[in-house]
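Participant: Starting from the known structure of chain H, arrange chains S, W, Z and P on it as the hints suggest.
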Amino acid sequence: MEVAIFSIFALLSVGFAIVVVVHPQPVKSTMSMVVVLFSLAVLFVLLGAPFVAAVQVLVYAGAILVLFLFVLMLLNIGRERAAGVGQPAQRWVALIGAAFFAGFLGMLLWRTHGPDTLDALTPDYLSIHRLSWELFTTWLLPFELVGLLLLVAVVAAYAMARAPQPGEMTPPQAGALPAAPAEVAEVGGEAP
Amino acid sequence: MSALNLLWLVPLLPFAGAALNGVLGPRVPKALTTFVALAAPGASLLVALAAIWQWWHGVGPHPFEQVLYAWLRAPLHIDVAFLLDPLSAVMTFVVTFVGFWIHVYSAGYMHHEKGYQRYFVYLNLFMGMMLLLVLGNNFLVTFVGWEGVGLCSYLLIGYYYDQDEPPRAGRKAFIVNRIGDFAFLVGLFALVQRFGTLDYRKIFAAVEAAPHAVQATYALGLSFAGFVALCLFIGATGKSAQVPLYVWLPDAMAGPTPVSALIHAATMVTAGVYIVVRANALFQLAPEILWVVAIIGAFTAVLAATIGVAQYDIKKVLAYSTVSQLGYMFLAAGSGAYAVAIFHLGTHAFFKALLFLGSGSVIHAMSGEQDMRRMGGLKKHLPITYWTFLVGCLAIAGVPGFAGFFSKDAILGAAWQAHIALWAVGTLTAGITAFYMFRLFFMTFHGNFRGTEEQHHHLHESPASMTLPLIVLAIGAIFAGWVGVIPFLDRDWLGHFLAPVVANVGHAAEHAEHGLGLEAFLVGASVLVGLLGIFLAWRLYGRGRDLEGEEALVAAAPRLHRTLQNKYYVDELYDAIVVRPLAWLARMCWKVIDTIFINGSVHVGAFLVELTGDLGRFTTTGNVRNYALYFFTALIAFFVWLVF
Amino acid sequence: MSLDATMQADLTSLLPELVIGGFAVLVLLFDALAPGLKRLWLPLSAAVVAGVGFWLPRPGWAHPSSFGGFLEWSPVTLALAEIVLLSAALALLASQAYLRRERLGTGEYAALLLWCTVGMLFLVRAAELLTLFLALELLSFCLYALAAYHRRLAMATEAGLKYFLMGAFVSSFVLLGIALLYGETGTTKLQQVADALSSGGGVGVVVVLGFLLIVCGFAFKMSLVPFHAWSPDTYQGAPSPFVAFLSVAPKAASALVLVRVLTAIGTAQVGHDWPQLIALLSVLSMLGGNLLALVQKDIKRMLAYSGIAHMGYLLIPLVTVGTDSLPPLLVYLLAYALMNAGAFAIVALLYARPGEQHLISELSGWGYRFPFLGVCLTVSMLSLAGIPPTLGFLGKYLVFFHAIQHGHLALALVGIAASIVGVVYYLRVVYVLYMKPEVAAPSGLLLDVWGRLAVLAAAAGTLVLGIWPSALLDWLERAV
Amino acid sequence: MNTFVHLFTHSTLTLVVFFPTLAVLPLLFFPRDSQAAVKVYVLLATLAELLLGGWYLLARYTAGAPFPFVRELGLDGQPIPWIPRWGIRYELAIDGISMPLVALTLLLMPLVILGSWKGITKHWQAYGAAMLLLTTGMLGVFLAFDLFLFYVFWELVLVPMYLIIGIWGGDRKVYAALKFFLYTMAGSLPMLVALLWLGWRQHETTGVWSFAYADLLQLNLPLGPQLWLFAAFALAFAIKVPMFPLHTWLPDAHVEAPTGGSVVLAGVLLKLGTYGFLRLAFPLFPQAAVRLGMPLVVLAVIGILYGALVSWMQGDMKKLVAYSSVAHLGFVMLGLLAFDLVAWQGALLQMVNHGLSTGALFLLVGMLYDRRHTKKFDEFGGLAKVIPVFAFFLVFSALASVGLPMLNGFAGEFPILVGSYKSAVLDLRWATVAATLGVVLAAIYLLKMLFLTLWGPITRQENEGLKDLSLREILALAPLCVLMLWIGVAPACFMDPSTAHLGQLLGNVRARIQVPVQPDQVAASGPVTGGSTGPSPARGGVSTSRESRWRESTSRDSIYALIRTGASAPIAASDAPASPAPAGGAP
Amino acid sequence: MTVPIAWYMVLAAVLFSIGTVGALTRRNGITIFLSIELMLNAVNLLILSYARLLNDQAGQVIVFFVLAVAAAEAAIGLALFIAVYRLRRTIDVNRLNLLRW
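Residue numbers (numbering that gives the first Met the number 0), protein chains in the order written: chain H, 0 to 191; chain S, 0 to 643; chain W, 0 to 479; chain Z, 0 to 586; chain P, 0 to 100.
Accuracy of the hints is not assured; some may be wrong.
[To be verified] Mimicking EDC-like on lysine to aspartate or glutamate, the simulated pairs with C-alpha atoms at most 20 Å apart in a straight line are:
1. K384(Z) x E164(S)
2. K447(Z) x E164(S)
3. K117(Z) x D467(Z)
4. K379(S) x D545(S)
5. K384(Z) x D161(S)
6. K590(S) x D315(Z)
7. K384(Z) x E112(S)
8. K466(Z) x D161(S)
9. K121(Z) x E437(W)
10. K378(S) x D312(S)
11. K447(Z) x D161(S)
12. K435(W) x D170(Z)
13. K113(S) x E164(S)
14. K447(Z) x E378(Z)
15. K27(H) x D91(P)
16. K447(Z) x D312(S)
17. K447(Z) x D570(S)
18. K113(S) x D467(Z)
19. K378(S) x E453(S)
20. K121(Z) x D369(Z)
21. K375(Z) x D315(Z)
22. K296(W) x E609(S)
23. K375(Z) x D170(Z)
24. K384(Z) x D574(S)
25. K378(S) x D545(S)
26. K117(Z) x D170(Z)
27. K296(W) x D613(S)
28. K378(S) x E452(S)
29. K375(Z) x E461(Z)
30. K113(S) x D163(S)
31. K378(S) x E368(S)
32. K113(S) x E463(Z)
33. K113(S) x D161(S)
34. K447(Z) x D163(S)
To be clear, the hints were calculated from the coordinates, so they are not data collected in a lab.
Excised from the complex, chain H in its bound form (with noise of 0.2 Å):
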């Protein structure tokens, strides 16, 4: 069962990363990328992590994925024009390269952990107020760190994307190209 489990939702996510990685419209590429953030949540829960299972489909799919169809839509950006440098060396290169580094990868995590055997899931290891207490004691300092982190995410997003101010484009800036059009407004403030 689980390892039918495993094997469908693996294999959903490794062809719709494919997808997300070769689909030429971005959207699509997007929502490809729900489907793998689905998958890999199921897996989350058959490795035991139900609330990062959950976070990952609130804040990943939920949150995150809108975000960037949200962005999608408002650039309006569509498919990759074939025009532009090709870089068929690099394409290649970087196929390789990364056939190698799953192929390498794999294998050493495979021959490391392959013997290894899982211990029985415990009580504790899916305890969630187990988890939140390690979260608020031991953990403490990132937990301020990733506050504060998502602060700065929100006054630089702020910084980046706001809108010219009415007095700031004067004098023209030589270098910049035209300044985008009105109806783009604020976006990206909202961290989730």
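Facilitator: Then chains S, W, Z and P, alone, in the frame of chain H:
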């Protein structure tokens, strides 16, 4: 305070004169300049005479040494010190005496020249340097003087600096001299290496104490003595204008005539002879070098004499004559007759200075004309010059009773002793000498005047300041010979006087070994040859024939004449085998080695570095995917490297 | 409610970060409330940063270890923190004129830069891998945003985007490395990782990969060849005064992380080729950086490549990591901080058209027009070239000395060969300043007192510490 | 801090070295358009420095005694630490070897400013500052007795010179300046590495950090390390000297540099290289120096001949003088490589000489350039008629450069050549002979210069109205010419203060190399060697009389006593001429 | 039968590499960023499998943090894309080469 202790003043006074005139500058009255210029060598002459006189009469040790200060101190100690011994006494006398009178002469001769003051600065400087040379008690002081006189020679030859030729001649003189000096210096190095000193007396004492030590093979297959002697002799060939370094002297006639008389006839050019005689202890232990000296001397004598036959410039003739006579001196020295060499040096100083000054008087009268073909018949216009000049000619031709006769005869005797061939060459040269001197004499003073009307109009006897030195020197040219070897009488005052310096040779005794008959033969032959030369000259140029004889002679052997007139093309030869290759080499060094090889490789290196950078620049493509790929591939590569 | 003692100690040890981070929040707040005060933020922030810097060396306020070993505090971290604070203060001062000239807001800028500084302090102090990662991300986010801060400028946004894409890409590798180490050892504390590995018998290849990923990640942050390519682009496009910070502080902090990681690698005895790897990175960076800087016409790009080369030099003492690697490292970093910050601060003041190339030739003859800035730029260049009596020389000297003491003569020789190439382009700036006729009169420049102050501080520090290093030595004595 | 104050308030080396740097500060406050005032100020500053330094030197110079070794110590009587962590000290000291060079530097600077009066037309503040900083750097190099400090000063010299060439230079100034800088750096960085290695080795051996010269001298390194260390030092110094084939930066730098720059470059900067050999490279690595001595000698001799030949071919006055420097410094190198006291004396003196005569030549070329804005021979000819005073100085300086006796060039060259010919360490006889040929060549190229500029008819209209030297220019030249003559006439006064320390240095070097006996020299001087063991009466005579002369000048005795005791056996043996040192033993 | 933990790990490796390929080969900036997110997720999977293997909740905590980081990163990245797009009308990285060489 004895005059002997004032010996240091002898070279210093002329220096002081030069410095004073140099500081006073050209704007002071000419009389003051003249006074300073003449007083300095005059006082020097007086001090020298007094010092020598005292010394000769037993004041102070023999030889007398005066240390002024240390030029270098430990570990190589070299003093600035003067040495009064027979040799330097003779030289000092000749230099100061002849020098003084030439100064007097110059005051008249140069009176109208623009750089009058400058001239006397140089001339006084020269006197000082020359006296340093002869009075130095070690090789270094001598060398200082040696180079110093070279400098003065350079400056005085180039006295008419705003013309093209004189500076060129001066430069040639300096450089050719330097080639000789180079060898001289090497000789000094060897001496220091061996003896740790340059002091004459110490070196010669050491040599005499252990003659075998200096006869062991040293370098170039020569013994130490031979090596040093060769070096010194090469130096001497430069200074004394011997083959192969004689080429500068004829050109040096571009300077004012009194300069030619003083420097290029009487004093400086004899420095080479002086140094050979001074170092006779070494030469004596290097017989092979003595042969070289004698052969070079004889060869130079005959070579220069033959060139002199075909020259028209009155001073050039005298110049070649000087070269030839210097060859005689080396012939004597090479034959081991050092005192005779000095003897001839002295007599030659008198008669050659006389001849030059006479020619100067002629040129003065001719408004600067030097070509004998435009002269002639000057006898009646320049009587004093004429008669004194005749004395000089007779002296150089070796007519018995005149100075040249005695010294030349002594040389030929010594040459006979050394090798008959040397004697034969010497005697032949004596004939040629007599011929060309009287050719000059007849062309200049006899026959008809061949110059322009204007020159003819200006002809006049020179002022007293010029004729007086002529007379004084003429007297010297007559009587100077009597101090030396007198044939048939076993008398050689000068030889005896110099004996302490050349003690190990004892040539006078050898001379006496000639039988009376042999001596008669030698004297007879030389006199005969001389008279023959005079006779020939008279036939060709005398008897009012003007240039007919010359033209006939040229017509008879045009190629020979051309060769002689062009001095055997030696200048051209040197240009082709030395100057041009050297210039070529220098150009190669600069253009090829410096510019192409060294700078080129540096530039190529720099270019390659920059090229690498310029090519490498394009790795930063601006495409962020590439950058990510660099990261990824490098990561994999490092991983593979770390793991395997 | 009262905090228990441990918690109190932990929070106390966070004081510098809290002060700086808190001040950043205040700045943001007041920026919104009182826009008229916007000219104050940068100098004030600089003052706060400097104040913290002066306060830091006070003994006894922090435990060596806090938050259960997540953060550590040692003289070395103090030293690094000082360098970071120094460059932050200089950059803040130098930014005022730029932001005014370009009509950019100061509040967010100051806040981001301060938070970035906080991130670096965390990075410097982090003894645990996740904290390390989070600190890295924190500072990186600020850097991305600051690089693109001039958002009307195509170059600036492009610089930010490139930096961001590369940074995100690389941080996933770093995370992979952390994951591997965590998985293989069961802990994320670096010391425990090392202990676990050294005690646990053989070390797997996975661990090697884990370490390698982290090392490469920080090598990327330090912009070592071949992970360097982002830095010229980013430096060129980003606001110049910010580059004074970007080119120094992250590198300094990363260098310390590298020291930590390499020390752990040494204790854990993971593989044996690490010194060669570091040496290779060093050689590639020295040569690559200098060669490519040689041909640049844009001064910021040139300085970027020069920075790459300097990181190469900096790596020399890390080839053989030990306590004696730290003095050369620290001195070199300090020198680099001063001279690079000085150079970029001057660039920020003298180039009024940030959207265009910062051609070196534009400075032609300006050495006479701006004597003070000219001299300071010259001092910076000479120091970068490693010419006495500047601090840059002292740094190079110590670095080479370290190499020689550990038998890396070849490395030192490569270093000097590269230095000779370096001299060429540093001197090019000097010759443009003083030896070429002026080609363009300056226009639109804004030379304010704060910028000059930053420049003066950097140049004077470079010179004075170079001539009179005893202050530096006291500092070092404490740090090592 | 007390020490610091003390150093700057008393007559100390520190004050001498750093006074010029302090004098830079007021320059910052001159208004921009006050060029004339700045000139005067800079001149006064250099003169003050001359007085300050001159007073310092004279206070320690007593006629007849060797110049003392004076070390700069702190108030506590200890060496002043600079970077104690690595044992780096602020150690300045002066002895007889550095004294002449310091004096030369002090003397040249005011003359340089005088010589730049007209030629430098812009940015006098910067020029003055560069010159003053340069002074500090050069003095520092001569006085530093800590190798680290030495290196700092060594590099410090580069920057002002780079600016001087680059800002006030000729058409290709940037190329020349960069070339100068890069060449020097390319040499000095390997030296830095070698120096660091030495410091490390010192620590390894003794456990104490130190870069002090005196300490490093005690390191008895094996030949292997010595070889590469020497090579590294020698490279740095050989570039600076410069020796063939590393010389090509020199003509460029000289031709492009302004007059003042050329004078300083030729007068002092090149001496840094030879001084480096003398002070550092040879004493620190004697065995290696001897091992690599012959190739260096060959390069030195090639430099002499090659420099002279190339010089001869030049059509540019300044380039001619520049290449002549290559030749002249070749002599110095030959002398140094002889490892002979006489040669070293000569070499040290020749360093000063070259500074004087070539400095004067460059000044003269600059004066001509100020008038005609060209340095090409084609443009001149017959100038002696128009500007006789100039002609006098040019002839005088050229003759000094030629090495005419009674002038300084000879006083340096002669001991060099004598000493190298009799060198007991290397057989340099033929090298010396070849080098002596350089004397001939010197006459060729320098007389060519005189010929083409001064003599002959005036060929150019422009030259007819030239003004002769002004009083200022004469004042700039006269001290040089007076010294040239003085040194030439009485070199002993200038050599004696240095002899003791040179002797000590050489003694130490030769004690460590255990003078090898040249096989051919033994063969060549076989009989004499025999003679030296049983002294022949002649030699006995020589030496006794020499000793008696020493006793005559009693005041000087102490020096030689010092040499004899201070120097070990071989040096004493070298005094006994011609015999290979007995200490050398059998080959 | 439980799934061997190595399978998860290998899956993580494969996903990571796919993400890498995407990041390296795509031209659209947002797709590249998406690929990077994929890589992060792959790492998350790996961490969780390790956590499971070690039976250590710390892994879950780490993943939690990583998710937060990813979110923040997305905010910043997307804001950047907007800023760039405004000026350049493209986010094709091949065209974003004002800065090069």
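Participant: Do the alpha carbons of K590(S) and D315(Z) lie within 20 Å of each other, as the hint requires?
Facilitator: holds (15 Å)
Participant: Does E164(S) lie within 20 Å of K447(Z) when you go C-alpha to C-alpha?
Facilitator: holds (14 Å)
Participant: Compare the distance between the alpha carbons of K375(Z) and D315(Z) with 20 Å, and conclude whether the hinted pair is satisfied.
Facilitator: Roughly 4 Å separates the two Cα atoms, so the pair holds.
Participant: Assess, step by step, whether the Cα of K296(W) is no farther than 20 Å from the Cα of E609(S), and give holds or violated.
Facilitator: holds (13 Å)
Participant: Within a Cα-Cα threshold of 20 Å, do K435(W) and D170(Z) meet the stated pairing?
Facilitator: holds (11 Å)
Participant: Does the alpha-carbon distance linking K447(Z) and D163(S) stay inside the 20 Å limit?
Facilitator: Given that 20 Å is the threshold and the Cα spacing comes to 13 Å, the pair holds.
Participant: Quick one, are K384(Z) and E112(S) close enough, alpha carbons at most 20 Å?
Facilitator: This hinted pair holds, its Cα atoms lying about 14 Å apart.
Participant: Decide if the proposed pair is consistent with the structure: K447(Z) and D312(S), CA atoms, cutoff 20 Å inclusive.
Facilitator: The given pair, whose Cα atoms are some 28 Å apart, is violated under the 20 Å limit.
Participant: Does the alpha-carbon distance linking K121(Z) and E437(W) stay inside the 20 Å limit?
Facilitator: With a Cα-Cα distance of about 14 Å, the restraint between K121(Z) and E437(W) holds, given a limit of 20 Å.
Participant: Would you check the hint for K27(H) and D91(P), treating anything up to 20 Å between C-alpha atoms as holding?
Facilitator: OK: K27(H) and D91(P) at ~17 Å, within 20 Å.
Participant: For the pair we were handed, K117(Z) and D170(Z), check the Cα-Cα distance against 20 Å.
Facilitator: holds (18 Å)
Participant: Is K375(Z) within 20 Å of D170(Z), Cα to Cα?
Facilitator: holds (14 Å)
Checked against the numbered hints above, the structure violates hints 16 and 24; every other hint is satisfied.
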